[in-house]
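Asks: Given only the sequences and the hints, what does the whole structure look like? Please build it.
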Amino acid sequence: AQSVSQHNHHVILSEAASLELGCNYSYGGTVNLFWYVQYPGQHLQLLLKYFSGDPLVKGIKGFEAEFIKSKFSFNLRKPSVQWSDTAEYFCAVRDNNAGNMLTFGGGTRLMVKP
Amino acid sequence: EAGVVQSPRYKIIEKKQPVAFWCNPISGHNTLYWYLQNLGQGPELLIRYENEEAVDDSQLPKDRFSAERLKGVDSTLKIQPAELGDSAVYLCASSPIGGDGGELFFGEGSRLTVL
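Residue numbers (this note's numbering), protein chains in the order written: chain H, -15 to 98; chain A, 75 to 189.
Treat each hint with caution, since some may be false.
To be verified - Subject to a maximum C-alpha distance of 35 angstroms in a straight line, what follows is the list of computed DSBU-like cross-link-like pairs (lysine-lysine):
hint, chain 1, residue 1, chain 2, residue 2
1, H, 62, H, 42
2, A, 85, H, 45
3, A, 136, A, 85
4, A, 136, A, 90
5, H, 33, H, 55
6, H, 97, H, 45
7, H, 62, H, 33
8, A, 89, A, 145
9, H, 97, A, 85
10, A, 152, A, 89
11, A, 85, H, 33
12, A, 136, H, 33
13, A, 85, A, 152
14, H, 33, A, 152
15, H, 55, H, 97
16, H, 97, H, 53
17, A, 145, H, 33
18, H, 33, H, 53
Said to hold, decoys possible - Which residues of chain H face chain A? A few of them, derived with a C-beta cut under 8 angstroms, are:
hint, residue
19, -5
20, 33
21, 44
22, 56
23, 74
24, 89
25, 91
26, 95
27, 98
Stated by the list, open to error - Here are the computed distance ranges between Cβ atoms for each label pair:
hint, chain 1, residue 1, chain 2, residue 2, range
28, H, 90, A, 177, 38 to 48 angstroms
29, A, 140, H, -4, 20 to 30 angstroms
30, A, 83, H, -4, 27 to 37 angstroms
31, A, 144, H, -4, 22 to 32 angstroms
32, H, 68, A, 159, 27 to 37 angstroms
33, H, 26, A, 144, 23 to 33 angstroms
34, A, 86, H, 39, 21 to 31 angstroms
35, H, 25, A, 154, 38 to 48 angstroms
In case anyone wonders, no lab produced these hints; they're calculated from the structure.
All C-beta atoms in this analysis are idealised placements derived from N, C-alpha and C, irrespective of residue type, glycine included.
Replies: Written out as structure tokens, the structure is:
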């Protein structure tokens, strides 16, 4: 079964610092990739997604992610974080060869200091 | 547009007691999911419905967990009897059939504490 690894469980940054959160999935084939975000006290919501085409995808709030097939990775980036980016971030992989099941990583809790 | 609605938001029970969670998906969304989220972990699928049919319940512990979606709209997840290890957040999500197949719309979750 597909598994998703997020390398950093907790990240603390100062405002304006650059962000990169790692995400790796276990094996290839046709996959769709997602980043979800959960702000404090709110529900999970989609940040961005990759289905096909340009491997560099842009999402809301200045976030982007790059799909590198050879590395089974889909890292999330933002050039300059804001205090309002404090949240928990989840990478998810939908394996089209395994019943389209969506598998989530364990999440990365980001705290941005003002 | 109203989002996915779940209730209750919080529930505290003693072990061996029953508990039920309710979910109303976004109108028109045929696919409904129940996920379990333990502290510090990502959501894990318990069951997925297409309309009223459970199409993936392989991760649902059927000895104590049950779910239903009788009319293909709202759904109930039940635990009977609850155990200490069931303390977690139970998330409901929905998506439209024939949509891009990827984005799930989540509710705010039901946080269960078993004492």
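Asks: For each hint, tell me whether it holds in the structure or not.
Replies: Here is what the structure says about each hint:
1. Between residue 62/H and residue 42/H the alpha-carbon distance is near 10 angstroms, which keeps this suggested pair within the 35 angstroms criterion.
2. Distance hint between residue 85/A and residue 45/H is fulfilled; the C-alpha atoms sit about 34 angstroms from each other, no more than 35 angstroms.
3. For the given pair, residue 136/A sits about 21 angstroms from residue 85/A by alpha-carbon distance, which is consistent with the 35 angstroms threshold.
4. For the given pair, residue 136/A sits about 16 angstroms from residue 90/A by alpha-carbon distance, which is consistent with the 35 angstroms threshold.
5. Taking the CA atoms of residue 33/H and residue 55/H, the gap is about 18 angstroms. The hint holds against a cut of 35 angstroms.
6. For the given pair, residue 97/H sits about 18 angstroms from residue 45/H by alpha-carbon distance, which is consistent with the 35 angstroms threshold.
7. Note on residue 62/H and residue 33/H: the hinted pairing holds, with a Cα-Cα distance of about 15 angstroms set against a maximum of 35 angstroms.
8. Between residue 89/A and residue 145/A the CA atoms are separated by roughly 31 angstroms; this keeps the pair inside 35 angstroms, and the hint holds.
9. In summary, the hint linking residue 97/H to residue 85/A is supported, as the alpha carbons are separated by about 33 angstroms, within the 35 angstroms threshold.
10. Taking the CA atoms of residue 152/A and residue 89/A, the gap is about 14 angstroms. The hint holds against a cut of 35 angstroms.
11. At roughly 33 angstroms between alpha-carbon atoms, residue 85/A and residue 33/H fall within 35 angstroms of each other, so this suggested pair holds.
12. In summary, the hint linking residue 136/A to residue 33/H is supported, as the alpha carbons are separated by about 33 angstroms, within the 35 angstroms threshold.
13. Straight-line distance between C-alpha atoms of residue 85/A and residue 152/A comes to about 13 angstroms, which keeps the hinted pair within the 35 angstroms bound.
14. Our distance criterion of 35 angstroms between C-alpha atoms is met by residue 33/H and residue 152/A, whose separation comes to about 32 angstroms.
15. About 31 angstroms separates the Cα atoms of residue 55/H and residue 97/H, which keeps this hinted pair within 35 angstroms; it holds.
16. A threshold of 35 angstroms between alpha carbons decides the hint, and for residue 97/H with residue 53/H the separation of about 33 angstroms falls inside it, so the pair holds.
17. A hinted pair counts as satisfied when its Cα atoms are at most 35 angstroms apart, and residue 145/A with residue 33/H qualifies at roughly 31 angstroms.
18. Restraint check for residue 33/H and residue 53/H: satisfied, since their Cα atoms lie roughly 15 angstroms apart, inside the 35 angstroms limit.
19. The criterion of a C-beta within 8 angstroms of any C-beta in chain A is not met by residue -5/H, whose closest approach is roughly 14 angstroms, and the hint is violated.
20. Interface restraint check for residue 33/H: the shortest CB-CB distance to chain A comes to about 6 angstroms, inside 8 angstroms, so the restraint holds.
21. Because the smallest distance between the Cβ of residue 44/H and any Cβ of chain A comes to about 12 angstroms, over 8 angstroms, the interface hint for this residue is violated.
22. For residue 56/H, the interface hint is violated, since its Cβ never comes within 8 angstroms of a Cβ in chain A; the closest pair sits about 17 angstroms apart.
23. For residue 74/H, the suggested interface contact is upheld, since its CB lies about 5 angstroms from the closest CB of chain A, less than 8 angstroms.
24. A distance limit of 8 angstroms between C-beta atoms decides the matter here; for residue 89/H the minimum to chain A is near 5 angstroms, and the interface restraint holds.
25. Because the smallest distance between the Cβ of residue 91/H and any Cβ of chain A comes to about 5 angstroms, under 8 angstroms, the interface hint for this residue holds.
26. The restraint placing residue 95/H at the interface with chain A is violated, with a minimum CB-CB distance near 15 angstroms, outside the 8 angstroms limit.
27. Interface hint status for residue 98/H: violated, as the beta-carbon distance to the closest one in chain A is roughly 25 angstroms, over 8 angstroms.
28. The hinted range of 38 to 48 angstroms is not satisfied by residue 90/H and residue 177/A, whose Cβ atoms lie roughly 21 angstroms apart.
29. Taking the beta carbon of each, residue 140/A and residue -4/H are about 42 angstroms apart, not inside 20 to 30 angstroms as hinted.
30. Hint check: residue 83/A to residue -4/H, Cβ distance near 29 angstroms, so the stated range 27 to 37 angstroms holds.
31. The hint said 22 to 32 angstroms for the Cβ distance between residue 144/A and residue -4/H, and at roughly 47 angstroms that hint is violated.
32. As the Cβ distance of residue 68/H to residue 159/A is approximately 35 angstroms, the hint placing it in 27 to 37 angstroms holds.
33. Taking the beta carbon of each, residue 26/H and residue 144/A are about 30 angstroms apart, inside 23 to 33 angstroms as hinted.
34. A hinted range of 21 to 31 angstroms for the beta carbons of residue 86/A and residue 39/H is inconsistent with their spacing of about 46 angstroms.
35. The hinted range of 38 to 48 angstroms is not satisfied by residue 25/H and residue 154/A, whose Cβ atoms lie roughly 29 angstroms apart.
Against the hints set out earlier in the document, violations occur for numbers 19, 21, 22, 26, 27, 28, 29, 31, 34, 35.
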